[in-house]
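K.L.:
Listed below are the residues making up each chain.
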Amino acid sequence: MAAAITARAHGLSVLVLDEQPSAGGQIFRNIESLEATRNSEFSKLGQEYEFGSSLVRRFKKCGADYFTDRSVWQIDNNLQIHHVSASASKSNSVISHCQAKRLLIAVGAMERPMPLPGWTIPGVMPCTAVDVLYKSSGLIPDGEVVLAGSGPLLLLIGCRLLDVGVHVSAFLDTSMNGALLKALPLLPNALRSHKYLTRGLSLLWKIRKAGIPFYSGIQNIEALGASKLEKVRIGKSGKFFDVTADLLLLHNGVVPNVQITRNLGCEHRWYDVQRYWEPIVDDWGNTSVDHVSIAGDCGRVAGAAISEVSGHLAALETVYQLGVISKVERDNLSQPHRIELARQKHVRPFLDKLFQPSKTWLVPENDKTLACRCEEVKVSEIRETVRMGIKDPDSLKSMTRCGMGYCQARMCGLTVSEIIAEEKKVSPEEIGYFRVRSPIRPITLGQLAEID
Amino acid sequence: MFKKQYESHETVSIIFEGKNLDVEIGQTVASALLVGGDMVFRSSVVSGQPRAPYCMMGVCFECLIEIDGIPNQLACMIPVREAMKIKRQQKNKE
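Sequence order for the protein chains is F and Y.
Residue numbering for the first sequence follows the numbering used here, beginning at 1 and increasing consecutively.
Residue numbering for the second sequence follows the numbering used here, beginning at 1001 and increasing consecutively.
Do not take every clue at face value.
Below 30 Å or equal to it, Euclidean Cα-Cα: the simulated DSBU-like pairs (lysine-lysine) are [claimed, not checked]:
id, chain 1, residue 1, chain 2, residue 2
1, F, Lys228, Y, Lys1019
2, Y, Lys1003, F, Lys209
3, F, Lys424, F, Lys378
4, Y, Lys1087, F, Lys228
5, F, Lys236, F, Lys424
6, Y, Lys1003, F, Lys231
7, Y, Lys1003, F, Lys228
8, F, Lys368, F, Lys236
9, F, Lys231, Y, Lys1087
10, Y, Lys1003, F, Lys206
11, F, Lys209, F, Lys182
12, Y, Lys1087, Y, Lys1004
13, Y, Lys1091, F, Lys378
14, Y, Lys1004, F, Lys231
15, Y, Lys1003, F, Lys44
16, Y, Lys1091, F, Lys231
17, F, Lys206, F, Lys195
18, Y, Lys1091, F, Lys368
19, F, Lys391, F, Lys359
20, Y, Lys1004, F, Lys44
21, Y, Lys1004, F, Lys228
22, F, Lys368, F, Lys424
23, F, Lys231, F, Lys378
24, Y, Lys1004, F, Lys206
25, F, Lys44, F, Lys206
26, Y, Lys1085, F, Lys228
27, F, Lys209, Y, Lys1004
28, Y, Lys1091, F, Lys228
Covered, in the sense of this in silico footprint (three residues per stretch, anywhere, with C-beta under 8 Å from a C-beta of chain F), are these stretches of chain Y [stated by the list, open to error]:
id, stretch
29, 1004 to 1012
30, 1021 to 1032
31, 1057 to 1068
Keep in mind the hints are simulated off the structure, nothing from the lab.
The structure presented is a predicted model; accordingly, all values stated were derived computationally and were not measured.
We put the CB at the ideal spot given by N, CA and C, even for glycine.
Please construct the entire structure, taking both the sequences and the accompanying hints into account.
P.N.:
Here is the structure:
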């Protein structure tokens, strides 16, 4: 949205393809309708949400052509972009394409999958799913909720659940032992954006004050139940105990959604602190592929404020590359954004270190755990296949179907890189990732046949 | 599993497994079906185990469901429409 505003301010012709039904992405999801029809809910979501609403208003007025419900399924080398409607039916299957001179990818982040035994049972969800349901449809969990994981988002969502009167029966903290100590050297710099930190502490305080049983140093979590979640089995210091639950909400941090940048062949690197792949970019968001840049959390995950700034910067670069402004003009115009970026960035290295995902939750210890949900491939099968001599995720895929299902490895990709790397005792950087092929979104043959 | 925090004000009628449901407009098929009842949307094509919506943002493809005769539709991305016919997807019994 920020990029569209800046690009339009310099007279570019801008097309925005959004997969979601309305503007705002995930953080400011459904923001316009919430503000218009449920003002009391809206104000509960806090100051940032109000800020998001002003961003959406400016975006809607900026003159960009904006289409919702458009899923990009293929991008050709000449930047011809093919997109399709997710909600197409037999009577209105809309498949279309357009030609771009420059492409900016701002698809954001997704929750890092947290594979554990039973995580496919109905009633186990990532914590942001509940946030989506709350913002988009005013739904709140009914029954006993267990929160498990680590990261600021889990605290935030836990507090929102408490605010609306949801019964949270346990909070399972899976943070790495000693993470705070490791992060401490980064604290002085982080204090320069202290607002963030005080907010985090107040969230933690609120959860403790609400009297929710809080368990840290958790080593095992298992979801139990047949057609729905019944209880959560917790392992701590070699002892196991059960908590009854209707909903188990998981969170193990947020990772960039690299499906499109991978498909385009952009170079990626392994960010070891947060253990994910990120596209390699310069200061302006340019990727290794000509005319393709990124903005926001589909690169290094940094939150809404930094994403907005990176959108403005990437747009200024685009305006310069298309010959509308000079290099000097680009640099001058970017000054206020660079200052804001520097101000916002102080806290990130500290947070990234503090909420470093621990190995226990990246590579499931229990070999029966499904790594690939779609094709139901267990951790043990991946290990065996690696011992048979496969080298990378793609050969694993041809042997086991792991990563070949509907989600196209979105849910198992990181786990697979981690398991192979662990077996071979190297960094995932050396193992690599699945090769992401189009269609990036499943489309029907009927839709394909409609293309001119 | 989930409940609505407030009364619906404008609704459409959808048909889920042959039953009429009045649900609020502007929401997705997944959120409409998650209120009350069980969460099961389909069975796994591999083991037949029950599956339910997971990520709610179009990433995990767990919420696949049959809408108006077309299978494998992303329930978490598709808004409800009047008279939409929705069915669970079951693994074919061999």
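K.L.:
It remains to establish, for every hint, whether it holds in the given structure.
P.N.:
Each hint, compared with the structure:
1. F:Lys228 <-> Y:Lys1019: holds (22 Å)
2. Y:Lys1003 <-> F:Lys209: holds (25 Å)
3. F:Lys424 <-> F:Lys378: holds (18 Å)
4. Y:Lys1087 <-> F:Lys228: holds (19 Å)
5. F:Lys236 <-> F:Lys424: holds (29 Å)
6. Y:Lys1003 <-> F:Lys231: At roughly 20 Å apart (the allowed maximum being 30 Å), lysine 231 of chain F and lysine 1003 of chain Y satisfy the hint.
7. Y:Lys1003 <-> F:Lys228: holds (16 Å)
8. F:Lys368 <-> F:Lys236: It holds: about 19 Å lies between the C-alpha atoms, which stays within 30 Å.
9. F:Lys231 <-> Y:Lys1087: holds (28 Å)
10. Y:Lys1003 <-> F:Lys206: Within the cut-off at roughly 24 Å; holds.
11. F:Lys209 <-> F:Lys182: Distance ~27 Å between lysine 209 of chain F and lysine 182 of chain F Cα, so the pair holds.
12. Y:Lys1087 <-> Y:Lys1004: Satisfied, since the Cα-Cα distance of roughly 22 Å is no more than 30 Å.
13. Y:Lys1091 <-> F:Lys378: holds (20 Å)
14. Y:Lys1004 <-> F:Lys231: holds (24 Å)
15. Y:Lys1003 <-> F:Lys44: holds (18 Å)
16. Y:Lys1091 <-> F:Lys231: Cα-Cα ~26 Å, so holds.
17. F:Lys206 <-> F:Lys195: Given pair lysine 206 of chain F, lysine 195 of chain F holds - Cα atoms ~16 Å apart, limit 30 Å.
18. Y:Lys1091 <-> F:Lys368: holds (22 Å)
19. F:Lys391 <-> F:Lys359: holds (21 Å)
20. Y:Lys1004 <-> F:Lys44: Roughly 16 Å between the alpha carbons, so the hint for lysine 1004 of chain Y and lysine 44 of chain F holds.
21. Y:Lys1004 <-> F:Lys228: It holds: about 20 Å lies between the C-alpha atoms, which stays within 30 Å.
22. F:Lys368 <-> F:Lys424: Holds, at roughly 20 Å.
23. F:Lys231 <-> F:Lys378: holds (22 Å)
24. Y:Lys1004 <-> F:Lys206: With a Cα-Cα distance of about 24 Å, the restraint between lysine 1004 of chain Y and lysine 206 of chain F holds, given a limit of 30 Å.
25. F:Lys44 <-> F:Lys206: Status holds; Cα separation ~15 Å.
26. Y:Lys1085 <-> F:Lys228: Roughly 24 Å between the alpha carbons, so the hint for lysine 1085 of chain Y and lysine 228 of chain F holds.
27. F:Lys209 <-> Y:Lys1004: holds (26 Å)
28. Y:Lys1091 <-> F:Lys228: holds (18 Å)
29. 1004 to 1012: holds (count 4)
30. 1021 to 1032: holds (count 6)
31. 1057 to 1068: This one holds; 9 residues, not fewer than the three required, reach chain F with a Cβ under 8 Å.
The structure shown violates none of the earlier numbered hints.
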